[in-house]
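If you read the protein sequences in the order shown, they are chains G and P. Counted the way this note's numbering counts, the first sequence spans residues 413 to 940. Counted the way this note's numbering counts, the second sequence spans residues 433 to 837.
Everything labelled a hint here was simulated from the structure, so no lab data went into it. Owing to the predicted nature of the structure, the values given are computational and were not obtained by experimental measurement. Here a beta-carbon is modelled for each residue, glycine too, at the ideal position from N, C-alpha and C. Keep in mind that the hints are not guaranteed to be accurate.
[What the hints assert, rightly or not] Derived contacts from chain P toward chain G, CB cut-off under 10 Å, selection only: (1) R440; (2) S441; (3) L442; (4) P443; (5) R683; (6) A684; (7) R687; (8) G690; (9) L692; (10) A693; (11) Q759; (12) E831; (13) D835.
[As the list claims (entries may be wrong)] Chain G residues, not near chain P, derived (Cβ > 10 Å throughout): (14) P457; (15) H529; (16) G757.
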Amino acid sequence: MSPRPGFVLEVDRSTPPTLFHHGEGFRLERLPVGSRIVYPPEALPVLDDIDGAIRHALLHPVDNDPLPALLHPGMRLTIAFDDISLPLPPMRRPDVRQRVIEAVLDLAAEAGVDDVHLIAALALHRRMTEAELRHAVGDRVYDAFAPRGLLYNFDAEDPDNLAFLGETESGEEVEISKRAAESDLLVYVNINLVAMDGGHKSTATGLASYRSLRHHHNVRTMQHSRSFMDQHRSELHSSNWRMGDVIRRAGVKIFQIETTLNNDTFPKPFDFLQKREWEWSLRDRASYLGAAKALERAPARLARSVFQSVLAPHNLTGINAGEVEAVHRLTTAKVYEQQLVEVEGQADILTMGLPYICPYNVNSVMNPILVMCLGLGYFFNLYRNRPLVREGGVLIMSHPTRWEFHPVHHPSYIDFFEELLAETTDPLELEKTYEQSFAEDEWYRHLYRTSYAYHGVHPFYMWYWGAHALQHLGSVIVVGGDARAVRRLGFKPATTLADALEMAGDVVGPDPTLTHFHNPPIMIADVV
Amino acid sequence: MKALRLERSLPRLALARAAGALRPGGGARAGALRLVDMEPPALPGAGWVQVRPRLAGICGSDLATVDATASPWFEPVISFPFVPGHEIVGELDDGRRVVVEPVLGCDARAIRPRCPACEQGDLGRCRNIAFGHLRPGLQTGYCADTGGGWSLALAAHESQLHPVPGTMTDEAAVMVEPAACAIRGALRTGAGPADVVAVVGAGTLGLVVVAALDRWVRPARILVGAKHPVQRRLARELGATDVVEPPALVRAVRRATGSLAVGGGGGQGEAHGVAGVRLTGGADVVVDCVGSATSLAQALAVARPGGRIVMVGMPGTVTVDLTPLWQREVELVGAYAYGTEEHPGRRTFDLAFELAAEADLGRLVSAAYPLARSTDALAHAADAGSRGATKIVFDLRAEKGRDRL
Numbered sequence: 413m414s415p416r417p418g419f420v421l422e423v424d425r426s427t428p429p430t431l432f433h434h435g436e437g438f439r440l441e442r443l444p445v446g447s448r449i450v451y452p453p454e455a456l457p458v459l460d461d462i463d464g465a466i467r468h469a470l471l472h473p474v475d476n477d478p479l480p481a482l483l484h485p486g487m488r489l490t491i492a493f494d495d496i497s498l499p500l501p502p503m504r505r506p507d508v509r510q511r512v513i514e515a516v517l518d519l520a521a522e523a524g525v526d527d528v529h530l531i532a533a534l535a536l537h538r539r540m541t542e543a544e545l546r547h548a549v550g551d552r553v554y555d556a557f558a559p560r561g562l563l564y565n566f567d568a569e570d571p572d573n574l575a576f577l578g579e580t581e582s583g584e585e586v587e588i589s590k591r592a593a594e595s596d597l598l599v600y601v602n603i604n605l606v607a608m609d610g611g612h613k614s615t616a617t618g619l620a621s622y623r624s625l626r627h628h629h630n631v632r633t634m635q636h637s638r639s640f641m642d643q644h645r646s647e648l649h650s651s652n653w654r655m656g657d658v659i660r661r662a663g664v665k666i667f668q669i670e671t672t673l674n675n676d677t678f679p680k681p682f683d684f685l686q687k688r689e690w691e692w693s694l695r696d697r698a699s700y701l702g703a704a705k706a707l708e709r710a711p712a713r714l715a716r717s718v719f720q721s722v723l724a725p726h727n728l729t730g731i732n733a734g735e736v737e738a739v740h741r742l743t744t745a746k747v748y749e750q751q752l753v754e755v756e757g758q759a760d761i762l763t764m765g766l767p768y769i770c771p772y773n774v775n776s777v778m779n780p781i782l783v784m785c786l787g788l789g790y791f792f793n794l795y796r797n798r799p800l801v802r803e804g805g806v807l808i809m810s811h812p813t814r815w816e817f818h819p820v821h822h823p824s825y826i827d828f829f830e831e832l833l834a835e836t837t838d839p840l841e842l843e844k845t846y847e848q849s850f851a852e853d854e855w856y857r858h859l860y861r862t863s864y865a866y867h868g869v870h871p872f873y874m875w876y877w878g879a880h881a882l883q884h885l886g887s888v889i890v891v892g893g894d895a896r897a898v899r900r901l902g903f904k905p906a907t908t909l910a911d912a913l914e915m916a917g918d919v920v921g922p923d924p925t926l927t928h929f930h931n932p933p934i935m936i937a938d939v940v
Numbered sequence: 433m434k435a436l437r438l439e440r441s442l443p444r445l446a447l448a449r450a451a452g453a454l455r456p457g458g459g460a461r462a463g464a465l466r467l468v469d470m471e472p473p474a475l476p477g478a479g480w481v482q483v484r485p486r487l488a489g490i491c492g493s494d495l496a497t498v499d500a501t502a503s504p505w506f507e508p509v510i511s512f513p514f515v516p517g518h519e520i521v522g523e524l525d526d527g528r529r530v531v532v533e534p535v536l537g538c539d540a541r542a543i544r545p546r547c548p549a550c551e552q553g554d555l556g557r558c559r560n561i562a563f564g565h566l567r568p569g570l571q572t573g574y575c576a577d578t579g580g581g582w583s584l585a586l587a588a589h590e591s592q593l594h595p596v597p598g599t600m601t602d603e604a605a606v607m608v609e610p611a612a613c614a615i616r617g618a619l620r621t622g623a624g625p626a627d628v629v630a631v632v633g634a635g636t637l638g639l640v641v642v643a644a645l646d647r648w649v650r651p652a653r654i655l656v657g658a659k660h661p662v663q664r665r666l667a668r669e670l671g672a673t674d675v676v677e678p679p680a681l682v683r684a685v686r687r688a689t690g691s692l693a694v695g696g697g698g699g700q701g702e703a704h705g706v707a708g709v710r711l712t713g714g715a716d717v718v719v720d721c722v723g724s725a726t727s728l729a730q731a732l733a734v735a736r737p738g739g740r741i742v743m744v745g746m747p748g749t750v751t752v753d754l755t756p757l758w759q760r761e762v763e764l765v766g767a768y769a770y771g772t773e774e775h776p777g778r779r780t781f782d783l784a785f786e787l788a789a790e791a792d793l794g795r796l797v798s799a800a801y802p803l804a805r806s807t808d809a810l811a812h813a814a815d816a817g818s819r820g821a822t823k824i825v826f827d828l829r830a831e832k833g834r835d836r837l
C-alpha cells in the first residue's frame, strides 16, 4: 500500500485528544471543535538497494561527468559532509554519510587518489566529538583518516586556512575553507532534512566563515525569506546562490551529493508519536501512557538522556549527485514529495508542540533560545506561499522552556539570554548593538576552536531565524514553560492550553480559527 | 519625647540576633530596640544645638545594629543606650532646615589640637571618636550623648550642620548623607575614563555610587549587578552602562573586558556564581556595595590582576578566599563616611548636595513610616529591593509632641 498523503482534519466532538510534543514529554490536548489539525504524510518507502543507489548516483550524475572521470592520481580531493545538526534525530548506523563517503573513497582509491581530506562542514556550529564523527562517517573511515589529521572539523576562525574568493554582485564576501577552495575536486555529502538544506548552501554556508555568513545570516535576510523553506521566495536561498556563483567562477569544482530521508522518525516504543491518534492501537495507548507517566516522574536529566539516545529508523528515499543546482532541483522535489501538505487558508491561532530536539542541541540541552528558534524559526517557517497563521495572529507553543543551558556547547547563549534579552528582544537592535562584540569575542572564539562550543555569534542567528515570525505574529504564548524564561524571551506563559486560548482571544478576538501543526514528523504546509 | 532607643540588654541582643538571622530586620520586633518616651538629649556644650529630625533614613548598618549582627569591632566606639539614625534632615529652632553630617570628630568633641585627619578635613578618619567630652560614638546615631535621627530631637554640633537649600525637598536632603558615603566610594576607585568599573549590589549605596561614578569619574563602562527590577531600572537611569542580575556579573565583566575565562566552562552553576570561573582579566575597579562574603568573593572574581576593590558596604565578619587578592595583586580598600575629597578638592557633603539635586536622589525614597511602626519600617527596609523599594525613612514631621520641643 502506498503511503497516505498528509491531510487536514477538522476537529469534531468525536475527535480524540491531540498529541502535543512537550520537550522530553507529551501532552494530550482537546482542541476546540472546528479547529483544524494538519497531519504530515506517511513515510515514503526506503530505497531497496541503498548502496546500489549510491553507486548509481556517483556513476550517473546529473549535468556532470561521472565521479570516476573526475578522479585521477596526484589530485587533491576534499570530501565535506553535513555536521551533527543533520539528520534529526540522528539516524541508526550506518549513517547515510558513511555509506556515501565509503563509496566515494572506494572510487578515489580505484583512481589512485591519495591526497584526500574529509571535513565536517559545521560553519559556526560546535565541533563534533570523536564519537559523533565516528557515528557519521563510520569507524573504518574515521580510523583511516582522523589519526593522520585528514578527517577534521572545519574551523571558521582559522585565518590561515580560509580562502577569500571574491564578492557577489550584491557585495557579499565569499570566504570558505582554503582546502576546499584549492582542491581539484570538492565532493559535498549532504542530508536534506528540510527544503532549506542543500544546494549552494552546503558549501557557501557549511564551509564559510563569519565574514561570509553575516551577509545572509542577518535580520533583513530572514525577514525577506517568506519562507526560507521556499527557495523561490527565500532571500537566504538567493544569497547562497549568488555566493555559489562566486565559488563556481573562482574555479572551485563541486560534485554535489544530496540525499533525502523518509520521515520515519521514531523507533519503538515511541513510534506512536507519528501516528494519527484515532489509529492508535491498544499497544500504542499503553506505550503512550507508560512513556508519559515515566517521563513525568523522571528527573529532567534522565528524560533528556533517554530521548537524546534515540536513533531514528529513517532512511534513504533518494540520492542525486552531480552539478549543484541540477541536483538540488531533484532533491527539493523529493523533499516536497515527503513533506508537503496542502492547507486552505490561514488561521487566527497556530498551535504546535515542540519536541526535545532541534538542529543545535543534539546530545545537548534545548535552551530557551533554541525553543524560540525551533518554534518561530523552523516550525513557523515550514510553509509555502503563506504562513499557517494570519498576520497579527497568535502562535501557541507547548514546551517546558527551562532556564537551562549546556555550559560547554552554548556559552555565548547564556550571555545572550541573561544579558541581552534582559535589555531587548528586538532582532534589529540586537544585531546593531551587540552582534559584532559577540562575534569577535576572544573567549567565545577560543571555545569554538578548541572546545565544543557554538560560535559566539550563533545565538544571534537563532534569534534572527525567528525574526520573520516576530514581525508577523501578534503574540506568542508558551504553554507549560518556565514563566520567567518565557517572559525573558518576550513571550507570554500559560499553564494550560485553555488558558492560552483565552489569552489569545484578547489578541485575535472571539471565536478565532485555529490550526494545529501536528508533528513529528516534519512537514511543509502549502497554504493556498 | 518619643524615640526608638537601642539598649544594651544581652538577652534582647541575643533575641535580636536570632530573629535577624531568620529574617533581616526581624531584630526590631524581638530585640533591644524599643519605642520609648525619653527626655531630649542635653546639649553637651557650647556650639551644640537641638535639631528636630524631619526625615531619618534606615541604612544597612542600622539594620545590622538592630539585628545585632554588626561587627564587634564597633563596640568600643559606640555607647549605650543610643538612638539610631544618622541619615538626617531636620530643622533648627528658627525653622531652618539642616542635614546633619553625623561623624563625631574632634570639633564636636572639643578636642584640641585636632587629630591630623580632622586637621585635613578628613572627618571619617578621626582618631578621637571615643574621646573628649562625649561618650564614645563614631557618629550621631551611635552615641549615648547626642541622640539620633529616629527620634523627635537630637543634639548636634554646629560643625555638623549643613543648611538645606530652599529648593531641595526633604526627600532629597535625607539622601545627602548616603550620597556622601557613595561619593567617597566612587572617588576612592581612582578610576579614569578608560576604565571598566563593576558595582556589586544596587541598593541605595550601589545606586548612588553609580550616580557618583557617572557624575565625577565617567569611566568607559559601569557594570552593575542588580538583583531586583526596580534596582535595574534605577541603575540604568543613574548612569550604568550595563545592568545584569548578580549571578551574571562575572560573565558581563568578562565580555566587557574582552577577558578569557578558565575553569568551569562558563556554565550554569559555575559562571552564575563565582565558583569554577577564573577570568584572565577583569574590571579595573570593583565597588562592593553589599559587604557580604558572597559580594566580596564576586568582587575578587571580577577584579583584574592589579585592579582595585573598594568596599563601600559595611562588611562585618566575612569568610572569603583571599587567594585571588594575593595571586592577582588586587588592592582592597575601604570607603567609610566622608571628609574632604582630594579630587575635586571639596567637602564630600558639598558634593553630595550637588548630586542629590542633580540626580534627583529624592526619588529613591520609597516609603516613610512613623516611629510607632518601626517594625514595619525596618522589615520594609530589609526587603526593600524585593518590595520594589530603595530607601525607607522615618517621617517625624507629623509626630505628636514634636512642636512642643
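Hint by hint, here is what the structure shows:
The interface hint given for R440 of chain P is violated, since its Cβ lies 45 Å from the closest Cβ of chain G, which is over the 10 Å cut-off. Given the 10 Å rule on beta carbons, the hint for S441 of chain P is violated: about 44 Å separates it from the nearest Cβ of chain G. Hint status for L442 of chain P relative to chain G: violated, with the closest Cβ pair at about 44 Å, above 10 Å. Using the Cβ-Cβ criterion of 10 Å, the hint placing P443 of chain P at the interface with chain G is not satisfied: the shortest such distance is roughly 43 Å.
The restraint placing R683 of chain P at the interface with chain G holds, with a minimum CB-CB distance near 5 Å, inside the 10 Å limit. Hint status for A684 of chain P: holds, given a least beta-carbon distance of 6 Å to chain G, under 10 Å. About 6 Å separates the beta-carbon of R687 of chain P from the nearest beta-carbon of chain G, less than 10 Å, and the hint is met. Against a cut-off of 10 Å between C-beta atoms, the interface hint on G690 of chain P holds, since the closest Cβ of chain G lies about 6 Å away.
For L692 of chain P, the interface hint holds, since its Cβ comes within 10 Å of a Cβ in chain G; the closest pair sits about 5 Å apart. Hint on A693 of chain P holds. Least Cβ distance to chain G is approximately 6 Å, under the 10 Å limit. Interface hint at Q759 of chain P: violated, since its Cβ lies 20 Å from the closest Cβ of chain G, which is beyond the 10 Å cut-off. With a cut of 10 Å, the hint placing E831 of chain P at the interface with chain G is violated, because the nearest CB-to-CB distance is about 42 Å.
Taking 10 Å as the C-beta contact cut-off toward chain G, the hint placing D835 of chain P at the interface is violated, the least distance being around 50 Å. Annotated as non-interface, P457 of chain G keeps its C-beta farther than 10 Å from every C-beta of chain P; the closest such distance is 44 Å. With a least beta-carbon separation of about 30 Å from chain P, H529 of chain G lies farther than 10 Å from that chain, consistent with its non-interface assignment. Every CB of chain P is more than 10 Å from the CB of G757 of chain G (nearest about 42 Å), matching its label as outside the interface.
The structure shown violates the earlier hints numbered 1, 2, 3, 4, 11, 12, 13.
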